[in-house]
Every structure is written in structure tokens, then in C-alpha cells.
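Enquirer: With chain P held as given, fit chain G onto it using these hints.
If you read the sequences in order, they're chains P and G. Heads up: the first sequence begins at 1 in our numbering, then just goes up one per residue. Heads up: the second sequence begins at 1001 in our numbering, then just goes up one per residue.
Simulated from the structure, these hints should not be mistaken for laboratory data. We put the CB at the ideal spot given by N, CA and C, even for glycine. Among these hints, one or two may not hold up.
From the derived model, a few chain P residues whose C-beta atoms are all more than 12 Å from chain G [what the hints assert, rightly or not]:
id, residue
1, I33
2, V61
3, K109
4, E128
5, E188
6, G215
A short, non-exhaustive set of chain G residues, derived as facing chain P with CB atoms under 10 Å [what the hints assert, rightly or not]:
id, residue
7, A1025
8, C1029
9, L1041
10, Y1048
11, Y1068
12, Q1072
13, I1127
14, K1208
15, R1211
16, E1220
17, P1238
18, Y1257
19, L1260
20, S1262
21, E1263
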Amino acid sequence: MNGIITQDEGGLDKLSKKASILLEQFVKFGLSIRSFLHSSVFRTFLKILVYCCIVILLCFVVVILPPILQHSIGPVSRINQDNDFLTVHPAQPEIQKRLEKELVQLDKKITSLTPRSYYLIINSAENEFFLYRGKNFVQKGRCSTGSYILLQNGDKQKWLFKTPRGEFSVMNKRMYPVWKKPDWAFIESGLPVPSVNHSSRFEYGVLGDYALSLGDGYLIHGTLYQRFLGLPVTHGCVRLNDKDLELIYRTLKVGSKVFIY
Amino acid sequence: MKIYPFHLFHYLISISKKTGTKWIASAICGFLIVLYLVLTLSAPIREYKTLSNLAFSDSIFMSQLSQYTPEQNSLLKEKAFREAQILLADCDSIGLIINLHDSIAMLVVNGVAIHNAIISRYRIDEILQNLEMPVYYKLFSQPQTVIHERSTIVKEPIVVKHAPKDTIEAAKMIYMPDTLEKEPAFISFTFANDLKIVIEQNKRTSGKERRARLAFFCTEFLTDFKANLQQLFSFNLPQYSPVIKVALEGDDVRAIYRALPSETKIGLTF
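So that you can see chain P by itself, here it is in the shape it has in the complex (with noise of 0.2 Å):
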């Protein structure tokens, strides 16, 4: 009994010893603290601190704050209170008449503008097509427009491989188109650029099998390269695949309307 007495004595007093050890090393450390904040370091953070918040606040209050609350202030009273405009009349069914008139008309005038015939719009940022005929809508698909490659031979010369945006009309109609290579074309593939009429200038089927001109040499065009339709990549023509190329053609005559964004 005594013996297991002494051993819990023993027992207590290592953790009497420890506790205390752990009260010392306690206050030792509150000490530290104590005398850490009382430090010219710690002052000084906090004023820093301080002067830190002082500015956010100022800069929230004077650049953040006006403008987020002129958007939000109306006017208190309406400033012509006595004019004509605001006083009310009696409801007049001529003049209410006369300007559902004008709206329709004004409609009519808006409604007209769109063409009745089928036309193509061309989305260049997301390389698309839509097909319409008057308001209805036909046919979508992928195509290609221009990579805006700007290439730069030296100082010399350069060329920037872009699609006009804008309202186009079909200049001409072809089939089984031969592409005449422009000078670009030789310098882009570090080739030197034959005479104007050399034979190597003249490329068959790889225009596919329409071609349907915008003018300033732009044309809407098939392509061998059908994994690139849907990106940014041509010279500045528009390429379809074969099948919308040939809907395209065939629906769209010389003059029809071709709309470019």
C-alpha cells in the first residue's frame, strides 16, 4: 500500500515539477510579449498600422466612394415643373392616332432595310456564318476568316491578313476557281516571287469547287484544310466546307448581300 502511495507522490511531483517549468516558460513568455509591445518596434508597426488604414480609408472615401454614389443621386424636383410639356392635356385621339401612325411607318422603313432575298452574315470573331432569307434563318455553319497575320518582308513591304468588316455584295460567281498567287504567298513560304504570268503562280482546286467574289480580290472560298475551319486562319478570304459552299452558291446570287463583323 505504502509502496504504490510513494509512487504516486513521485508521480505528483514530476508533474508539479512540470507544471511548473510550463507556469515559468508561461510567463516568461507573457513577459516577452509584455515587453515586446511595449517596444519602440512594436510602436512603430502600429502606427505604420495605423497610417496604413488612415490611407485606404481616405483613398476609399475620395477616389471609390463619389463616383459609386453619383451613380445613385437623382434630382430632387424636376426642373421644368411649369412648362407646357408637363402640364396635362386633355387626351387627344388625333394626335395619339397620328403617332401610332408615324411608329408604324417608321417600322415599315426599318422593316424594309433588311433584305428579302437570301443574304450571308459572317461572324469573324467566332468564325460562323448564318444564312438568311429575308427574317428567316437558313443555315449555320463554321468558316475561316483572317488569321491578322501582319507579315513583314524587312521595311519593304507588308501585308496584314485581315477581313474587311462591313456590307458586301456577290461580284461574281465561279466554278472550279484557280487561285493566281500573290506575291505574299511566294514570301510567306520563303520562296522568291516569279514574274507576274509565271506558271507557278497559278494554283488548281485548292479554292474548291465555288468561288464567290466580294471584290478587292476577298472571296468566299472551299479549302483542303477543312480541320481548320472554325479558326482564324486564311489571308484574308472566307472559307467554307463543301457542303455549305455549294448552299452558298446556289443560293446566292450576283448582288446578293454578304454582312461582315
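Expert: Here is chain G on its own, set in the frame of chain P:
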């Protein structure tokens, strides 16, 4: 004991003597900040008066509108919008129509709608919401001309390529565009009559998009602040541009921005 202004002055001087110029500098700064805030926050009211004067000072215009009653306001708004659309159709270049009634933004060329984008949300400044009909009609019956634009995306993503020396170098230089990489799209258009349209992409899923938005709007705030300070230093009152903020799909914002030429025209209705 009575306190005279003389005593107060004496007291302030004694404080400044005790604590240096710190208090006086703080008081001056405080005063300037309050003055700045008052002048900046009263700018919308001045702008409202300026816009109102545009319409109400035009007697011929006012006499034309005087026949209409406030019940016809909605029809007049529609008429103003149609007139703006027709004027926009007369321009050869691509224009933008923002119809907040139907929540649609449209690209148009010669009156033909070539791209429709759904507006997912929008916010109109209080000043614009409170415009009287003659002012609204005067402002929005014609397309607005953009005089300044700012965006997080480039109008033309040009890639410079130098001509290769031979076919071997040309084969190494084949360029493939990265279609997966899409820049966050935030745009602001400022019009000739001080109105401003901010178009932002509606989804901000990545950290890059959130950072781009924060940077875009912080730059907006700082630009406004700088302009206001410049105005104050030249003894003018700070300016205010009424803002319409519109959110669209990112792809739509990019397509719209890249399609619009510089100094484009925008038709608006709300």
C-alpha cells in the same frame, strides 16, 4: 466668461504652436476632402440641369413636343428609338443598338441586324432614369457618337510575322491560333454628350476574369478621380458622366467590340 472669435483664433494658434503645423495641415486636408466630396457629389445635379437645358432651351423643338401628353411618353420613346435606328442605318459602318426594354444588344449595318446578344442585366444611373420626356427625346432620338473607348481586349489581335528566308524557316514558322485562350472582355464607350456605356461580360468564373474586372473598374475610378482633380486645380467644377452598365456573354462582348469601328454610333433605348 464670454468666448469671442478672437479667443478661438488665439486658441488655434496656441495649439498649432504646441503641436506644430500638424493640426492646421490636417484641418486643411479635411476641408479640401469635404469640399471635393461636396463638389463631386453635386456634379450629377449639374449634369441633369445641363442635359435639361439642351432640350428646354430649344423653343422650336419644345413647341413640336408640346402637343403630346405624358400618357404618350411610351409611344414617344418608341418613336425616338425608331428615328435613331433609321439615322443609324444611314451610316455605312457597323453600329450598335442597345434596347434595354427587350434586353437585346444588336449589331447593325445599314439597318440590317447582323448579331443579336441577350442582355443578362443592366443598371441605369438615377439621373437618366429621371429624365423628362423632352430631354430623353432630344438625347435618344439620334444615335450617340463614341468619342472615347477603353477596353480590356484588343480591337485587332495582330500577330507580327517576319518573312522567312527559305522554305525550311517557313515550315518552322507555321502559326496556329489558340482559340481556347479568351481575354476577359470589359468595355466602356464615352459619347460626345458625356454619357457613358459600360459593357461587361456576365460570367466571371476564373481568377483572371475577376482580376481583369477589378483592374478595369479601378482604372475607371482613378481616371475619374484624376479628371476631377485636374478640373479642381484649374478652378472648374468636377465633371460627371451618366453611366449605363450592361452585361452580356463574353463572346458577344468580344464580337461586338471587334466589329465596331472607331468613333462608332450607338442607338439606345430604355
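Enquirer: Take the hints in turn and mark each one as holding or not.
Expert: Status of each hint after checking the structure:
1. I33: holds (31 Å)
2. V61: violated (7 Å)
3. K109: The assertion about K109 of chain P is violated, with a minimum of 6 Å to chain G.
4. E128: The claim breaks: E128 of chain P does not keep its Cβ more than 12 Å from every Cβ of chain G (closest is about 10 Å).
5. E188: The assertion about E188 of chain P is violated, with a minimum of 7 Å to chain G.
6. G215: holds (15 Å)
7. A1025: violated (14 Å)
8. C1029: holds (9 Å)
9. L1041: Nearest chain P Cβ about 6 Å off; hint holds.
10. Y1048: holds (5 Å)
11. Y1068: Nearest chain P Cβ about 7 Å off; hint holds.
12. Q1072: holds (6 Å)
13. I1127: Nearest chain P Cβ about 6 Å off; hint holds.
14. K1208: Constraint on K1208 of chain G not satisfied, violated at 19 Å.
15. R1211: Nearest chain P Cβ about 17 Å off; hint violated.
16. E1220: holds (8 Å)
17. P1238: holds (8 Å)
18. Y1257: holds (9 Å)
19. L1260: holds (9 Å)
20. S1262: violated (12 Å)
21. E1263: It is violated, given that the least Cβ distance between E1263 of chain G and chain P is near 15 Å, above 10 Å.
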